[in-house]
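Listed here are the chains, written in short residue letters.
2 protein chains.
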Amino acid sequence: MDLNIVQAAEQLLYADDILLLAHRSPDGDTIGSCFALYYALRGIKKRVRIECADPFPRRYGYFTEGVFFSEFEPRFIVAVDVADRRLLGEKDACYPNIDLCIDHHLSNTGYAARRLLDPSQAATAQLCFSLLSEMRLPITPQIADCLFTGLTTDTGGFRFSNVTAQTHRIAAELMALGCDAAGINRQMFECKSRSRIQVERLAMESLEYAFDGRCALLCISQKMRESSGACEEDLEGVAGLPRQIEGVWVGITCREREEGYRISLRADEHIDASAVCRLLDGGGHKQAAGCTLQGDFAAVRAKLLDTLAPFIRAAQDQPS
Amino acid sequence: MDLNIVQAAEQLLYADDILLLAHRSPDGDTIGSCFALYYALRGIKKRVRIECADPFPRRYGYFTEGVFFSEFEPRFIVAVDVADRRLLGEKDACYPNIDLCIDHHLSNTGYAARRLLDPSQAATAQLCFSLLSEMRLPITPQIADCLFTGLTTDTGGFRFSNVTAQTHRIAAELMALGCDAAGINRQMFECKSRSRIQVERLAMESLEYAFDGRCALLCISQKMRESSGACEEDLEGVAGLPRQIEGVWVGITCREREEGYRISLRADEHIDASAVCRLLDGGGHKQAAGCTLQGDFAAVRAKLLDTLAPFIRAAQDQPS
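Protein chains in written order, with this note's numbering: chain A, 1 to 320; chain B, 1001 to 1320.
Please note: incorrect hints may appear among the correct ones.
Chain B regions said to be covered by chain A (calculated; three or more residues, Cβ under 8 Å) [stated by the list, open to error]: (1) 1080–1090; (2) 1099–1108; (3) 1157–1164.
For each label pair, taking beta carbons as the anchor points, the in silico distance ranges come out as [unchecked claim]: (4) A/269 / B/1068: 23 to 33 Å; (5) B/1058 / A/201: 22 to 32 Å; (6) A/257 / B/1061: 41 to 51 Å; (7) A/307 / B/1232: 31 to 41 Å.
Note that these hints are calculated values from the structure, not bench results.
Glycine included, every Cβ here is placed at the ideal spot set by N, Cα and C.
The shape of chain A in the complex, shown without the other chains (with noise of 0.2 Å):
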């Protein structure tokens, strides 16, 4: 059932012992999002946590440190940014009914009891800032800092064409609520290790280029990343690099990874990524998506582009 947010806000107010549910591999928008929540509902003297497959990236440290999560038998669980219920990785089996589902994909497959989904949103953050203003919990600089950073990754840091007015409003009242902006982006984007400095030099010379420069693909092997000693999160927006080369329609980024190829698509309106994923059993925005696939590179590769192709040819034959 959908809910709008009066009905949404209802929900969490009314509800204890909650437990906020994050994405696998989480992004800030999901980190982002769940904090802000769970200092909000806290505030309020609710018993919450939060839980996720993957430990939480460093570089979100400065509002996930130092939580200490009570144990408890939760009552009302809330996934959050959360499009399908497989992206809780091992969450997934301990949790099989989810309460409420609060998320802005559009490709978000309806699994949870109720759901407050607006896509028009170019982040979940922005529709908890909606909601946290309708359930009138204050916003404190520390849940202005979490939202902000949903905000800006997931716009990119307010460049992708998800960023609306709105967006813009929401950003300038979380500044004024005293979030650190400045910081948190240079954070964010302005802050690169070594080893991500050299695992991209080493990427960027696997680049190539199909379908007439239509598409760019960038494949970053366990080898590169051991010689770069390039972790996880080094990696992190590396997929929007083959996307930003003039004429490029669709990026492809593939990750070696223990189980498999973790490939991530960027487009621009040419291509719908996330049609592209779907064939491929994964899924995500229509400029942004991805999937895993099994097999050696070379095959990997050829599946890639032979499920692109048709993409690939419907945008061409549209007049331009």
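Assemble the complex: chain A is given as a structure, and chain B must be docked to it using the hints.
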């Protein structure tokens, strides 16, 4: 004489046959602000034209192309986003008397008869937005595009520490007025030519560290530019790269040109880039400044590091 917004607005409303001057090597803020004023003043039937020592880069074509400037003897000359009259380049000698300067650079030398200077503004475009509002001139979608361009380029896409709540509020207003924020951001930040990708790769190979990693230094030689086919425009924003590396206080980019090395400094709060560059006969903002140095690269490099050394030592001696 320093003017406030009301006084500057009056001056512009009374003036006619207005010449707007952009600084040499024009960036989004100087051109965006000039064209915003141009379109707005043309809208009330004033004669206006823009001059600049260098051609307008192609990337700003969405508001510069198709404009025809009429010839006339200027009766009111306005320098826009020009901190020092030397930055007028070859236009400096043509116009010894500047009637009004509209600027946000703290280092503004006060060369004009009157100036509207507000260093708290993230961009001169932010000041021009207030000026147009004060003059009650309509902000068309085209003017909004010009102002948004200045705003987003001078704030690194709303990421830098010069961004205030007011900056986001103006961005929201400009979006509501119909500017193509996503298209502009994409054009400014998400579009690299293949030559740029190539020259960036070559430049990153020259990356070196100094002062225990507090300084990162990058050199882009003529040879790199030639082998990659990169033009001046392809290098825009490249100065931000070394500063992004973890632990780096100041990133230096040296671009070899016919007249010598064009040096760009990008610093965090530890170093005053503007103070360093002033010692080298340059200038700018605290966190982004520049100068030009003659000599071969070894000499330029030595001079830079010698000048920087006391600043690094002073910062190291500060309690953190």
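Holds or violated: the segment 1080–1090 of chain B covered by chain A, criterion of 3 or more residues with Cβ-Cβ distance under 8 Å?
-> Not satisfied, violated; 0 residues make the cut.
Outcome, coverage of the segment 1099–1108 of chain B by chain A - at least 3 residues whose beta-carbon is closer than 8 Å to one in that chain | It is violated, with 0 qualifying residues against the three required.
C-beta pair residue 269 of chain A, residue 1068 of chain B: status relative to the range 23 to 33 Å that was hinted | 32 Å, holds
Does 22 to 32 Å hold as the CB distance between residue 1058 of chain B and residue 201 of chain A, or does it fail?
-> This hint holds: roughly 28 Å between Cβ atoms.
Apply the coverage criterion to the segment 1157–1164 of chain B and chain A: a residue qualifies when its Cβ sits closer than 8 Å to a Cβ of the chain, and three qualifying residues are needed.
-> Holds: 7 residues of the segment 1157–1164 of chain B have a Cβ under 8 Å from chain A.
Evaluate the given range 31 to 41 Å for the C-beta pair formed by residue 307 of chain A and residue 1232 of chain B.
-> Given a distance of about 40 Å, which is inside 31 to 41 Å, the answer is holds.
CB of residue 257 of chain A to CB of residue 1061 of chain B, is that within 41 to 51 Å?
-> 42 Å, holds
When held up to the earlier numbered hints, the structure conflicts with 1, 2 and fits the remainder.
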